[in-house]
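Protein sequences appear in the order of chains X and U.
When we follow our numbering, the leftmost residue of the first sequence carries the number 1, and every step to the right adds one.
When we follow our numbering, the leftmost residue of the second sequence carries the number 1001, and every step to the right adds one.
Any given hint could be a false lead.
Said to hold, decoys possible - Rough simulated footprint, nothing fancy, chain U against chain X, three-plus residues with beta-carbon under 8 Å:
hint, stretch
1, 102-115
2, 118-130
3, 150-159
To be verified - Taking lysine-lysine and the DSBU-like style, the derived pairs with C-alpha atoms no more than 30 Å apart in a straight line are:
hint, chain 1, residue 1, chain 2, residue 2
4, X, Lys-92, U, Lys-1144
5, X, Lys-57, U, Lys-1151
6, U, Lys-1183, X, Lys-3
7, U, Lys-1275, X, Lys-265
8, U, Lys-1151, X, Lys-3
9, U, Lys-1183, X, Lys-234
10, X, Lys-28, U, Lys-1435
11, X, Lys-234, U, Lys-1436
12, X, Lys-3, U, Lys-1275
13, X, Lys-75, U, Lys-1183
14, U, Lys-1144, U, Lys-1116
15, X, Lys-92, U, Lys-1436
16, X, Lys-57, U, Lys-1183
17, X, Lys-84, U, Lys-1435
18, U, Lys-1275, X, Lys-78
19, X, Lys-194, X, Lys-122
The hints are simulated quantities; they were obtained by calculation from the structure and are not laboratory data.
For glycine and all other residues, C-beta sits at the position ideal for the given N, C-alpha and C.
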Amino acid sequence: MFKIVKREEMAGGTVILNEIEAPLIAQKAKPGQFVILKANETGERIPLTMADTDPQKGTITVIYMIVGKSTALFKTLKVGEGYKDVIGPLGKPTHVEKVGTVVCVGGGTGVAVLHPIARALKEAGNHVIAVIGARNKGLLILEEQMKAASNELHVCTDDGSYGHHGFVTEVLKKMLETKDVKLVVGIGPVPMMKFVSKMTKEFNVKTLVSLNPIMIDGTGMCGGCRVSIGGETKFACVDGPEFDGHLVDYDGLMQRLQAYCDEEKECYGTFCKLNP
Amino acid sequence: MAEEEVKKAKKEAIPRQKMPEQAPEVRRRNFKEVPTGYTPETAMLEAQRCLQCKKPGCVDGCPVQVDIPGFINHIKEGNFTEAARLLWQKNSLPAVCGRVCPQEVQCEGVCIVGKKGQPVAIGNLERFAADYERINGKGELPPKAPPTGKKIAVVGSGPSGLTVAGDLIAKGHEVTVLEAFHKPGGVLVYGIPEFRLPKEIVFSEVAFMERQGVKLECNSVVGRTVTLDELFAQGYDAVYVGVGAGLPTFMNIPGENLIGVLSANEYLTRANLMKAYLFPEYDTPIVKGKNVVVLGAGNVAMDSARTAMRLGADNVKIVYRRSRQEMPARAAEIHHAEEEGIEFFLLTAPTRFLGNEKGRITGMECLKMELGEPDQSGRRRPIPVKGSEFKMDCDLVIVAVGAGANPLLTQSTPELSLNKRGYIIADPETGKTTKKGVWAGGDIVTGSATVILAMGAGRKAADSIHNYLKWGW
């Protein structure tokens, strides 16, 4: 068992943080890599990009939103309990180098994935501008941590309850217009990454996005996570999870994410009835 | 008539004992094992058919040289435990091999009794002895050599890795098996369906090895969680790489990323390892097609087709670009599939997948083929027939046209030389790779082959590793 040593509820209980004992993974993991978690014997294998690691303590941190049965099941795990299986680190790490000014754009729980990447980019000597957003103030996560991981932080909410009233892309646009941005990292819901990439394309600024398609083994064996990158099929688990944002077929990705939506509804519905 | 000949004539009078199995119309909708196994009486009767040849061809026909007349003789005498123990001397996974080995081209293919009639049912008898011992035996452990103090890491817990582990633990070494998945067994668990090989049997064979002292570490992705060099730094004296092929092949035709086009690896892993056939009791879902197409005609294609039928398909079609003669699957598997109502569309190849506005597969465009001259594989090359385009409706396509070499481990180990297709180059006699202290075998060396060939490679490598630990590289 992989024990949970710390558990936090965020965004009004819709988002959960788990710090998990996984010393081998903690020593190896680099920003941008993911793990696969399986709660129990009958559970699914769920890929989550790590939000943090502590090699000394031997722990990794994941942050996830409750979207279906499996994440709802994860939510029931208490400190001292744990995951039956944690596998990783998987995927290619983020390529971190000093390029100058970097804008890190995060939406929803994508901010959790963005956090270690922003920190690494800042440590590498870049000027990191973080732009993070959520639907409203209550759903915003990791504001303090992102402040520490960046040189300047901009916050957006869709309803204007906090920070800039509007989408992250609006703030991003201002940055692209006024600063010499060399790299944009955009991580969040697929539509957000799509529009971030569309905008940076206009400014011709290199953009990285982190994709989270449906996956089973995470080692390149099943091909379930295939995404079309510049017309070429790639496996997010081994070729990614980060890709050139300008080449991703976001519409195809969004469709493939719906592959099991009926089954997920059925499964989640039953779970919610049994665990009100 | 000489006494010997009388004996022979008598034995030949006993017909090959049929393996009882579930009726096709019943089994096509359940996941229970198809053959139900010999009773002790049938096994003893079948065992009488063996001529106990002085120079048995069957033993040479077996990639791991099981003493076939020996174990059959024990069955004939009713000493089933002895039969199982004799099997274990050469084969760590007899219950598995009795079920999935292609006996018709190995031991049974060269059986003298088969020259005039039906060969002795060696596979069925092997299965019987192993099952009998598993269910009724005392679980006594085989003898083990005194500890050598040497440590071996086995990467991958499929058939070749388990063979290496079983052989080396018996020789007194410390063995740790590293498995990337959360459960051991490799292809035996993620690939071969429950109705052909109940998973309980695999886990029981693995548990038996653990009782002998083999350590098992699941969730360990070598190449990511740990590298080969780190294993040596941790104090391992030798490493065996048996990670399997593990890279799906797709058709590279338009529409392949539509929802409902799955690699056989994905489809079978969902069904077998993740037990999606028990959804929603198990959380992993699977596409339940009504009109299912399986591309390819090997054993994996048959497994996929039969799984789809059991998941409630109205019809399942095997679509293959060559003819029946070239189908790579075992005759028994093809026969079982046909009995269960799987249809065969031969000399047919898809050219494009068609989908709806939600990105789900609705059909495919196909071409009829005819056979030309033999190609490099020795099989006649399929050639498209002009103007033969037609459409086939389907809501699930399973691509089972073979596998490639997964690069995860090899990319992280530059000293391992690979062939141009990405498979590890290893000495066919010893399994030695180009990196000192590292052996490899099974599908990551040969490309997709059979369980028993992987075990044969494991056996040779285990002998070579043992010699290395005694005498050096």
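Does the structure keep Lys-57 (chain X) and Lys-1183 (chain U) at a Cα separation of 30 Å or less?
holds, 27 Å
Within a Cα-Cα threshold of 30 Å, do Lys-234 (chain X) and Lys-1436 (chain U) meet the stated pairing?
violated, 33 Å
Agreement of Lys-84 (chain X) and Lys-1435 (chain U) with the hint, judged by alpha carbon distance not exceeding 30 Å
violated, 35 Å
Given the hint that Lys-3 (chain X) pairs with Lys-1275 (chain U), does the C-alpha gap stay at or below 30 Å?
holds, 25 Å
Quick check: the stretch 102-115 of chain X, covered by chain U? Criterion 3+ residues, Cβ under 8 Å.
violated (count 0)
Compare the distance between the alpha carbons of Lys-1275 (chain U) and Lys-265 (chain X) with 30 Å, and conclude whether the hinted pair is satisfied.
Holds, at about 19 Å.
Restraint status (C-alpha distance of Lys-92 (chain X) to Lys-1436 (chain U) at most 30 Å):
holds, 27 Å
Has the given pair, Lys-57 (chain X) with Lys-1151 (chain U), been kept, meaning a C-alpha gap of at most 30 Å?
holds, 28 Å
For the pair we were handed, Lys-1151 (chain U) and Lys-3 (chain X), check the Cα-Cα distance against 30 Å.
holds, 29 Å
Under the criterion that the straight-line Cα-Cα distance not exceed 30 Å, is the pair Lys-1275 (chain U), Lys-78 (chain X) satisfied?
holds, 26 Å
Assess, step by step, whether the Cα of Lys-1183 (chain U) is no farther than 30 Å from the Cα of Lys-234 (chain X), and give holds or violated.
Holds: Lys-1183 (chain U) and Lys-234 (chain X) sit about 27 Å apart, inside 30 Å.
Run the distance test for Lys-75 (chain X) versus Lys-1183 (chain U): straight-line Cα separation, threshold 30 Å.
holds, 24 Å
Of the hints listed earlier, those the structure fails to meet are numbers 1, 2, 3, 4, 11, 14, 17, in rising order.
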